[in-house]
Amino acid sequence: MANSWRRERWESLRLLTPNWQSRLPGHRYSGPDPDGYMTAGEVVELIDRFAAVSRAPVRTGTNVTSVRAVDGGYHVTTSRGEIRCRTVVVASGACNLPAVPPISQAVPASVEQLTPFDYHSPGKLPDGGVLVVGASATGVQLASELRRSGRRVLLSVGEHVRLPRTYRGRDVLWWMDASGVWDQRYDEVDDLTRARRLPSPQLVGTPERSTLDLNALTASGVELVGRWAAVRDGSALFSGGLRNVFSLADLKMDRLLGTFDEWAKEQGRDAEVDPPERFAPTRVPDSTRLRLDLASGEIRAIVWATGFRPDYRWLDVPVVDAKGHLRHDGGAVDSPGLYALGLPVLRRRRSTFIHGIEDDAREVIAHLAGRLAARG
Amino acid sequence: MTTVDNGVNVQALLDARKALAGAPEAAQFTWRASAKWQNGVHSTTTVRNFFGLGAEQAHKSEAVFDADHPEVFAAEDNGITPIEYLLVGLASCLTAGVASVAQNRGIQLRSVESTVEGQHDIRGILGVDSDVRNGFNDVKVTFKIDADASPQDIEALVAQSQKRSAVFDALTNPTNVTVEVAAA
Ligand SMILES: Cc1cc2nc3c(=O)[nH]c(=O)nc-3n(C[C@H](O)[C@H](O)[C@H](O)COP(=O)(O)OP(=O)(O)OC[C@H]3O[C@@H](n4cnc5c(N)ncnc54)[C@H](O)[C@@H]3O)c2cc1C
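Read top to bottom, the protein sequences are chains D and E.
Position one of the first sequence corresponds to residue 1 (my numbering), numbered consecutively onward.
Position one of the second sequence corresponds to residue 377 (my numbering), numbered consecutively onward.
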């Protein structure tokens with residue numbers, strides 16, 4: 001139970017969603033700090049409590065090793081026996097494995113390589129500089145904590161989603177929720193493939209509710225470099241297009257804040273919140289380096305914060321596309337009786353997060369129940 | 377409402393995007409140029425044929441480009457320097473991108489002008505100082521755009537055009553280059 005939160009998270013991790021948002025069906029946060037952010041341990045407690053109260057028939061410690069389509073349903077093989085069923089809901093998560101690009105194979109052995117699954121805390125890394133690859137939630141959080149531990153830190157930045165922690169005095173995720181951005185349905189999104197692949201926002205949940213954007217990292221002494229493009233002659237080569245990924249993220253953030261302002265005005269809620277604000281553009285370093293000699297000893301470790309991917313090796317039904325993602329329409333998988341839950345933008349933008357499950361589960365299970373009823 | 381017309385057939389591009397999503401083989405193109413030494417540092421490069429959509433293709437007509445060095449390099453200046461061709465490529469690629477993105481976003485353009493400057497320390501190519509690189513140290517493009525759009529929307533056009541630009545990518549990211557001598 002709550003396996004991913006017990007075993008696959010680093011020590012300092014807190015949710016980037018505020019407590020009041022970390023709700024599960026029938027469960028609202030009722031503690032003293034609705035605007036705070038849970039630690040991974042607190043998420044485990046939340047899920048354990050939910051499991052106890054809901055009395056869902058969970059078979060813990062049971063691995064599913066195969067799911068096959070058979071006449072009238074599915075045959076499931078587990079580490080503790082076989083199950084025949086008419087429908088299956090795949091809720092195995094979107095982040096089972098760290099996604100590490102092939103260039104990692106060209107890194108010399110003198111540099112230790114870690115994924116977020118291997119990373120626990122700065123003290124466990126070899127002494128010396130660290131290159132963090134990827135500037136989404138995981139990358140900015142790890143770069144920041146590594147820098148605070150006194151190390152030299154380089155952060156390789158590709159396309160990213162910039163957000164302030166608070167906007168007009170409210171958590172930026174309050175705005176996402178209240179203004180309806182997160183309610184946008186999967187069949188209304190312009191480019192669904194892109195929305196489902198969107199990197200996580202540059203947010204961290206801290207008691208200070210501070211913003212952890214690239215300007216904050218630069219101010220703390222992290223050196224920003226472009227997207228890591230290749231390894232040549234033992235050197236990492238970074239893209240010279242850093243300025244444009246900054247512009248794209250700044251423009252996108254301003255557009256989003258603009259939609260919040262419009263919403264507040266139209267709904268007559270301006271008085272509840274502080275006046276509109278805009279943030280300084282991402283500062284472009286005077287010169288960014290394009291090359292880093294990996295054998296020079298300048299960095300001793302690389303942390304790949306390049307995202308995660310699902311693992312469907314156990315799913316013996318041809319419903320996984322060439323990129324390794326399930327083919328589904330709002331949770332109805334491309335094989336009758338097979339369903340999915342807990343995937344990014346499954347039915348709405350909110351689906352990506354813990355609190356997205358409530359509406360998604362109701363709708364997907366309604367579809368499933370309808371199918372069972374129709375077949376008698 | 378007047379319809380926006382920047383002369384870009386966006387529908388054809390969107391159709392191609394859809395068609396090629398399921399046919400990666402057809403999306404493989406090979407662009408070619410053939411160069412011939414004239415005299416001194418003067419050469420002419422000819423472009424006509426390319427491969428794409430699974431077949432040999434050709435431009436409507438052959439194009440010939442002269443490259444040389446200027447008189448300050450003690451050459452005859454029969455054409456622009458090779459590195460200036462990179463600026464031509466970058467400017468024209470970004471400009472095409474601005475027009476396409478504007479069309480797709482329903483923005484009518486009235487004029488799009490740009491200046492590209494490449495900072496080049498020629499001590500590199502002359503071998504004066506091995507710490508100086510041969511190529512550009514810095515490239516700067518400045519756009520002047522007159523269009524029916526807000527300054528932010530114009531910024532976004534230019535940002536998106538870089539994001540989808542072949543030449544911007546080729547200049548900002550390393551590319552494997554193989555140069556060999558054909559068997560006689
Ligand atoms: C680093 C990180 C930080 C995040 N931060 C936040 C946040 O701040 N706020 C937020 O709302 N969301 C956050 N998320 C997203 C959040 O984790 C998901 O929305 C949520 O966990 C989805 O729950 P789930 O049960 O669908 O999937 P998971 O939590 O991934 O659980 C899937 C479970 O299925 C099990 N499983 C997989 N395959 C098999 C198999 N073959 N047999 C048996 N069991 C199997 C796994 O072991 C796991 O226990 C974060 C995700 C990550 C990776």
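Hints may contain errors.
[What the hints assert, rightly or not] Quick list of in silico lysine-lysine cross-link-like pairs, BS3-like style, CA-CA up to 25 Å: (1) E:Lys520 x E:Lys539; (2) D:Lys252 x E:Lys539; (3) D:Lys252 x D:Lys265; (4) D:Lys323 x E:Lys539; (5) E:Lys394 x D:Lys323; (6) D:Lys252 x E:Lys520; (7) E:Lys394 x E:Lys412; (8) D:Lys252 x E:Lys436; (9) E:Lys394 x E:Lys520.
[Said to hold, decoys possible] Quick list of the computed label-pair ranges, beta carbon to beta carbon: (10) D:Ala230 x E:Phe405: 55 to 65 Å; (11) D:Ser110 x E:Glu493: 35 to 45 Å; (12) E:Gly500 x D:Pro318: 25 to 35 Å; (13) D:Asp293 x E:Gln387: 44 to 54 Å; (14) D:Arg243 x E:Ser506: 43 to 53 Å.
Just so you know, these hints were derived from the structure itself, not from any lab.
Every residue, glycine too, gets a C-beta built ideally from N, C-alpha and C.
Results of checking the hints against the structure:
no. : hint                            : verdict
1   : E:Lys520 x E:Lys539             : 19 Å, holds
2   : D:Lys252 x E:Lys539             : 14 Å, holds
3   : D:Lys252 x D:Lys265             : 20 Å, holds
4   : D:Lys323 x E:Lys539             : 22 Å, holds
5   : E:Lys394 x D:Lys323             : 17 Å, holds
6   : D:Lys252 x E:Lys520             : 22 Å, holds
7   : E:Lys394 x E:Lys412             : 39 Å, violated
8   : D:Lys252 x E:Lys436             : 40 Å, violated
9   : E:Lys394 x E:Lys520             : 32 Å, violated
10  : D:Ala230 x E:Phe405: 55 to 65 Å : 21 Å, violated
11  : D:Ser110 x E:Glu493: 35 to 45 Å : 40 Å, holds
12  : E:Gly500 x D:Pro318: 25 to 35 Å : 55 Å, violated
13  : D:Asp293 x E:Gln387: 44 to 54 Å : 49 Å, holds
14  : D:Arg243 x E:Ser506: 43 to 53 Å : 28 Å, violated
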